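Chemist: I would like the entire structure built from these sequences, with the hints used as guidance.
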Amino acid sequence: MAARRVLKCVALLGILKDARLPAKLEILQLALTGLSGAEVDVPAALEELKARRLIVFSRVRDTYRLWEGGDIDVEAEMSRARSTLGAGAVLRVARDPALCPPPRLIARRHSFETGTMRVVGSRICTASGLDATIREMGKELTLLLCLAETREELTQAEQRLRNMPVDSTHLLAAVALETEALRDAVEQIEASHYVEEHVAGLQGDRAARRELAARRAEAEAAFRGEWDRLFGPHQGSATFYYRGEPQTSIHNTRTFSEFLSRMADETYPYAPRLRNELVNRHSLSSAAAAGRRNLIEAMLISPTQARLDIKGYPPERSMYECVLLETGIHRPREAGDWEFTAPPEDHPAGLRSAWDEMERFIFSDPPEPRPLTALYDRLMAPPYGISLGVLPILFCALLLAHADEITLYREGTFLPEPGVADFELLVRRPDLFAVAGCRVTGDRSAVVQRIANALGTPSATVPVVRALLRMYKSLPDCARKTRRVPGHVLAFREALERSRSPEQMLFVDVPAALGLEPLGGSSIDASSVEHFFVMLNGAFRTLAEVSPDAIGRARDALLQASGMPLGQDGWRKLRDLAAQLDGCPVDPALRPIVHGAALPDDDDTALERVLSHLASRPPRTWTDADADRCVARAYSAGSQLLQAMAAMGISSVDRLDTEEQERSREITTYLRGLLPAGIPTRIMRAALLALVREMDGEGTSPDE
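In my numbering, the protein residues as written are 1 to 704.
Watch out, some of these pointers could steer you wrong.
Under the rule of at most 27 Å between Cα atoms (straight-line distance), these lysine-lysine pairs were calculated in the DSS-like manner [said to hold, decoys possible]:
#	residue 1	residue 2
1	K50	K17
2	K24	K50
3	K50	K8
4	K24	K8
The hints are simulated quantities; they were obtained by calculation from the structure and are not laboratory data.
Keep in mind it's a predicted model, so treat the numbers as computed, not measured.
Modeler: Okay, here's the thing in structure tokens:
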């Protein structure tokens, strides 16, 4: 009878599901005490019901509930599973993101004041692993939760935290002693996982699965509650340590949040104040990313215009005003235009410290390319803490402010004039880029000054090198492909194409290619600078003449084969004769040449058109093989042209210039005087034709 009453009471309390009335032993005893004060032997009844498998006991909550039936004894399986659990179970459960998702901690006041969302990460460790965890941590803001198994470990952990250096401003540690309730909850959670994975008949026993799921849910809720009691700031069970001192001021959620902002203030004292939620974040939305891209494009295209010539109020307008205008980085000059320059030291935005750090990084010794990601890491780390979204804008502004002193590299290749496409890739893949400073002093400045005066550029290495590379790239492709130039010109061309550093190229590689000593090892006299400049001009002149020389050889081959005088005069004469042939029935292969020469363009355009047809590509793009092929085809086309002119009755005299025509008339008069009298005309004509055929057979052309 007693067992029945206890069973009914457990069932009723289970139906109520009131957290204030759990089916505990004390509640059951109170509920089953009659008005006369007679008590039921509740413990004995509970043991009887458990033995008959009518109720189950939850160790985590210390409550009873009805057993839902099933073939598997879940309690017995859980007991066996608990005996197999190994060490470290508490840490495994605490680090399970599904069970205990890491809290999203934010230094709210600091984030509001600086405009940068300052998130505080969290890590969990045991007292025995405290030292290793601290060594592995970086410099980002972190809340470290340390759990000690024994009081001895707790004492050791607290002593270790008291010895933390005062500059560990990024770390707030909380240490607490592991409780029996926490261990019981962990055992239940781990045991339930073990039973689920290793008990074979569980999948076919729905009631047992429900029972196991209920036990796990109770254990997980108990674990979360106990964990929050230990480490929650409002409970006061854990002791907080910061910079080696226990923190008694953390006693509720508000004081905890304020302390996080204090941590952020001390860790990022040079954090700039950029209140723009579009760009001042680590991950940008698609609209914000497009706005940043447009802003960088405007910086590169219109750096001297007010507001970078941004019209209206697109997203990039707010980014510009926050990051560049209000910080003083983009400001007007006395001349009326605008410029990029270092922000003022006393500006409330506080960007000058980060700007100075960028300059120190780039212009530090030795002057060599440094990864752009290394610069980004410095600026995102303490004491600056700049968000990744802002960094490309700041770097572009620095590059424009030091346009004559900073060089950019992509995959090791020097970019003389970075453009919008380069920065689009830089934003997506900063790991492909490197940056270097280039400041020249001493004797080398004489070289820079001499070349800068000649080229009309600012007297700095980077503008001079940009101008040289611009001159080289303006040459025809054939000048960059030919091997038919002197060896020092080939070496000079290779030095320009493989330039990795402006200083290295200008003072070492180019002089060495021209057969000179590197400039700058010892004092440089004026004669050395002048000789270098003469050799430099000579190399450029040789390359510039490659295309005209190739065109001239092909032109003269065509003229010689067609019986015309060589040079531009012969080409103009051939064009006049081609105008007579244009429209006449000639060989189809010859027709494009005749028509191309006859078109009413200037002589150079007509010549390039004819040679492009012969070589099947424009002369500017010729290789050495293309030039040779064009010469051979020009000889063949000239012979065909000669035959076509003969067939159309265009005499040899018509192909001579004025002086040659005069000589031809003199020879005619002379030969007429030598002819014997009384010879029939037909015999005389036959003799003269035989002489002409003999001259044609010997390959003699009229210009010879």
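Chemist: Hint by hint, say whether it matches the structure.
Modeler: Hint-by-hint comparison with the structure:
no. : hint        : verdict
1   : K50 <-> K17 : holds (21 Å)
2   : K24 <-> K50 : holds (14 Å)
3   : K50 <-> K8  : holds (14 Å)
4   : K24 <-> K8  : holds (14 Å)
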